[in-house]
Amino acid sequence: MFKKILFATNASPACDAAAKIAFELAQKYDAELTLFHVFGEPSRGASQRVKSYTTGEEAELGPDYVDWVKQEMADTYDDLAAKYITPVYAAKAGIPSTEILRLARDMDADCIIMGAHARQDDTAAERFRGIVGTTMQKVAQRAKCPVLIISRPCETCFWYFNQIIFGTDFSKASLAAFQFAYKMASHIGCKLHLFHALDIQVSQAGIPPGQKSIETRIAEARDKIQEHYVNLMDNFDNYEITVWEGVPYVELLKYAREVSGDLIVMAHHTRELDPDEALFGSTVEQVVLRSACPVASVNRPDKL
Amino acid sequence: MLMEAITLMPDGWIYKKDKKVAADILPLLSSTICLKKGVTLGSFFKMAGQYPDLVRLSDYLAPLLEIAAAAGSHSGASEDIQKLVFYKTIAMKGFPGTPRVEIYNSLKGIQDEKKILLKFFQVESLVHHELTLGKLEHVIFGDGQDMFTYDTCYTLFELVEGIAWDLSFCFNPIQCTLRR
Chain Z
1 MFKKILFATN ASPACDAAAK IAFELAQKYD AELTLFHVFG EPSRGASQRV
51 KSYTTGEEAE LGPDYVDWVK QEMADTYDDL AAKYITPVYA AKAGIPSTEI
101 LRLARDMDAD CIIMGAHARQ DDTAAERFRG IVGTTMQKVA QRAKCPVLII
151 SRPCETCFWY FNQIIFGTDF SKASLAAFQF AYKMASHIGC KLHLFHALDI
201 QVSQAGIPPG QKSIETRIAE ARDKIQEHYV NLMDNFDNYE ITVWEGVPYV
251 ELLKYAREVS GDLIVMAHHT RELDPDEALF GSTVEQVVLR SACPVASVNR
301 PDKL
Chain D
1001 MLMEAITLMP DGWIYKKDKK VAADILPLLS STICLKKGVT LGSFFKMAGQ
1051 YPDLVRLSDY LAPLLEIAAA AGSHSGASED IQKLVFYKTI AMKGFPGTPR
1101 VEIYNSLKGI QDEKKILLKF FQVESLVHHE LTLGKLEHVI FGDGQDMFTY
1151 DTCYTLFELV EGIAWDLSFC FNPIQCTLRR
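Protein chains in written order, with the working numbering: chain Z, 1 to 304; chain D, 1001 to 1180.
Just chain Z, same shape as in the assembly (with noise of 0.2 Å):
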């Protein structure tokens, strides 16, 4: 299922539950892991000096200093590559996206697992920070490959999914989405749920639709996703089809909520989509927030 798994990581704290999924994967698919850190702000001019990310303090950027940004990732996930496998270390300096997005193209890598977060805080400061203009969200937007969005540490997740949820919009990145979750539910045998979420408030133009107008509504995409998915399906039924009508990243929650999920997957659309067309833009970033289990942000086919 995995080759190449990118994990990129602050090497704080933050990140320690993607980093024991990262590993946990990699062993289970006996894949090469690669650590990545991008640790500083290079300076434009001459001299080669770098401004950390974590401490605002500047250092002369050189090769020792990146060996010993090397040791130190070593140092904290010590415990983890003894339990699990060795890993790949790699730091640079750069504007963390765009050398994450760098490495995965240069690496090849089938999957980037990144935390939700470069830094632990409340949940109320959350709201101050969001996720929007993130890392996260350039990456999970720009990736050719599946990204795996970890923000809290999964209890029930991995060893193996039991439960994978594909949330569509039906739009065309969210078959991206579909075909990664299809691939890892049929590979695991486990089962997918196959989710929409109605999203009346955008429907209706300030007109509360009424409830038969809802059911209409419900029946239509029902049928959808046995036209755009199902059928994509050879002789897996291990399937479940679910319509609920309301907020979309709302509905997904308490769906993962009620059927235990163990994986989100789901379409970051990329910015050439018409925001009306792509609800799961912002859901994504609302559901990576809260969500007990990993999101996957899947927008491209190219590495499925």
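Honestly, the hints are just simulated from the structure, not real lab data. Please read all numbers here as calculations on a predicted model, not as lab measurements. Don't take each hint at face value.
Taking lysine-lysine and the BS3-like style, the derived pairs with C-alpha atoms no more than 27 Å apart in a straight line are [what the hints assert, rightly or not]:
#  : chain 1 : residue 1 : chain 2 : residue 2
1  : D       : K1036     : Z       : K138
2  : Z       : K51       : D       : K1093
3  : Z       : K4        : Z       : K183
4  : Z       : K212      : Z       : K4
5  : Z       : K191      : Z       : K224
6  : Z       : K20       : Z       : K138
7  : D       : K1036     : D       : K1119
8  : D       : K1119     : Z       : K138
9  : Z       : K138      : Z       : K92
10 : Z       : K20       : D       : K1036
11 : Z       : K3        : Z       : K138
12 : Z       : K4        : Z       : K92
Pulled a few chain D residues facing chain Z out of the computed Cβ check, cut under 10 Å [claimed, not checked]:
#  : residue
13 : Y1060
14 : L1118
15 : F1148
The beta-carbon is built from N, C-alpha and C at its ideal position, and this holds for glycine as well.
Given chain Z, put chain D in place with the hints provided.
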């Protein structure tokens, strides 16, 4: 009693000047709220149920209300916390990013005077815990190393919206909580 203060009772009704507020709640959103002794998180949900306009303040309140209603009186209270505290934080941040001030409200559990994040708890296990209002915490350039506390007051809007936000992180499957 503060001027313009309203009081939340254990049964979920709000009182203003000793009179039950039976209908329009929206004009009271900016009123200072006090909690009568015996108010629990369950009282908060009863309030949201009795004043449906409050549910519109957050996308998460309606599903949380369903969870709390389903829990009823049968759910066990978590023994990992003794009570709940709602409090305000003013945090001055110097780095990373440009310097800024963040002001936000939090709901946390209290165990032996220590604050505990609620995102790993089931909402059902919190509804019977006492809900209290805490002091304002002023964090200066750091993660709680330099902190002052002050008495303050909270509006009804802050209480409803702040609790809904923090509990929106509690949509955990039961098996996750059990294993943890």
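Quick rundown of the hints versus the structure:
In summary, the hint linking D/K1036 to Z/K138 is not supported, as the alpha carbons are separated by about 47 Å, beyond the 27 Å threshold. Simply put, Z/K51 and D/K1093 have alpha-carbon atoms about 18 Å apart, close enough for the 27 Å limit, and the pair holds. Proximity of Z/K4 to Z/K183 is assessed by CA-CA distance (about 17 Å); at most 27 Å being required, the pair is judged to hold. For the hint pairing Z/K212 with Z/K4, the CA-to-CA distance comes to about 49 Å; that exceeds 27 Å, so the pair is violated.
Only pairs whose Cα atoms come within 27 Å are accepted, and Z/K191 paired with Z/K224 is accepted, the gap being roughly 20 Å. A threshold of 27 Å between alpha carbons decides the hint, and for Z/K20 with Z/K138 the separation of about 23 Å falls inside it, so the pair holds. Taken as a hint, the D/K1036 and D/K1119 pair is honoured in the structure, with Cα atoms around 26 Å apart against an allowance of 27 Å. A distance of roughly 26 Å separates the Cα atoms of D/K1119 and Z/K138; the hinted pair therefore holds under the 27 Å criterion.
Straight-line distance between C-alpha atoms of Z/K138 and Z/K92 comes to about 18 Å, which keeps the hinted pair within the 27 Å bound. For the given pair, Z/K20 sits about 45 Å from D/K1036 by alpha-carbon distance, which is inconsistent with the 27 Å threshold. A distance of roughly 23 Å separates the Cα atoms of Z/K3 and Z/K138; the hinted pair therefore holds under the 27 Å criterion. This hinted pair checks out: Z/K4 and Z/K92 have alpha carbons roughly 19 Å apart, not beyond 27 Å.
With 10 Å as the threshold, the beta carbon of D/Y1060 comes within range of chain Z, its nearest partner Cβ sitting at about 6 Å, so the hint holds. Of the supplied interface hints, the one on D/L1118 holds, with its beta-carbon coming within about 8 Å of a beta-carbon of chain Z, less than 10 Å. Violation of the interface hint for D/F1148 is found here, the shortest Cβ-Cβ separation to chain Z being roughly 17 Å, above the 10 Å cut-off.
In the structure shown, a violation is registered for the earlier hints numbered 1, 4, 10, 15, in ascending order.
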